[in-house]
Amino acid sequence: MGLSWRHHTLIQALLSRGPLKQADLQSILMNLSPGGKLNDCVGKINEELGYVHMEVRACKNQNDGSVYYGVVNNVADEQSKLGTNYTVPQITLYKAIIEAIVQDPGAHGSISNIDAFNLRLEDQGAAIRNFTLSHKEKTLDQLIKDKWLSSIPDNQIGLGVRSFLDLRTWFRTNEVPACSVCNEAAVKAECCQNEECNVRIHQYCLKQKFSQKKKKKIRVILLKIPPILNLPGGRNLAQVEG
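Just add 18 to the spot in the sequence shown (first one is 1) and you have our numbering.
Note that these hints are calculated values from the structure, not bench results. Some clues are possibly wrong.
[Claimed, not checked] Result set (BS3-like, lysine-lysine): computed pairs, CA atoms no more than 30 Å apart in a straight line:
#1 225 with 156
#2 39 with 78
#3 165 with 78
#4 165 with 39
#5 225 with 39
#6 165 with 227
#7 55 with 113
#8 113 with 39
#9 78 with 113
[Said to hold, decoys possible] Taking CB as the label site, the calculated pair distances span:
#10 114 with 51: 40 to 50 Å
#11 144 with 52: 36 to 46 Å
#12 144 with 50: 49 to 59 Å
#13 106 with 187: 38 to 48 Å
#14 117 with 225: 21 to 31 Å
#15 163 with 93: 21 to 31 Å
#16 58 with 92: 18 to 28 Å
#17 71 with 151: 34 to 44 Å
#18 58 with 217: 28 to 38 Å
#19 30 with 85: 16 to 26 Å
#20 85 with 192: 38 to 48 Å
#21 71 with 152: 18 to 28 Å
Since the structure is predicted, the reported quantities are computational estimates derived from the model, not experimental observations. Here a beta-carbon is modelled for each residue, glycine too, at the ideal position from N, C-alpha and C.
Can you build the whole structure from these sequences, using the hints too?
Below is the structure:
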């Protein structure tokens, strides 16, 4: 059984609008099929898209922790994924920026505008030599608009949600350190302060980890309370927690 018109509508929404937040995609699904489950719908879509080496993929935007969905080509390299919208010098600049960001030992997940403009680009002949500062500024604006890069406060440039979606394999191939919690590339993360330790954890993973530990600690404390604290209905707190 193939995809229904509802599945095709979701795919078209992702292709025409680009990556969408989970809540936005869920809202579209609710309008198409009240009560529909997003995971089931995406799973069905991916069964069909797998034949053409594509998939609807979810990822977290490491700049704010939001979950996004987008259509990804599992075969094309990062240069092909930029399509025909960018020239060779523009793609070269993009590659230089992402390499500079992921190679940062501090995992800040960004680079300053000035540093981005001053990156040394691979020699592509006259095309690169004629690639002026004005061209670079326009390229950055376009990459941000297309969500390959993102503008961050204090004149910083970070990876955009499309990069987090599409470059998963590239991150692994280039041995970008993974988050110790979720095992995804830790491009923007907290690093262990011990110089001999290579542990990286996304800020949102770290927050979740501490939240779980806090809940576990509270539960342990509650279970240690003597069972003489009676609650309405003849129950005590220990019985409720148990």
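(request) Output the numbers, in ascending order, of every earlier hint that fails for this structure. (result) 1, 7, 11, 13, 20 and 21
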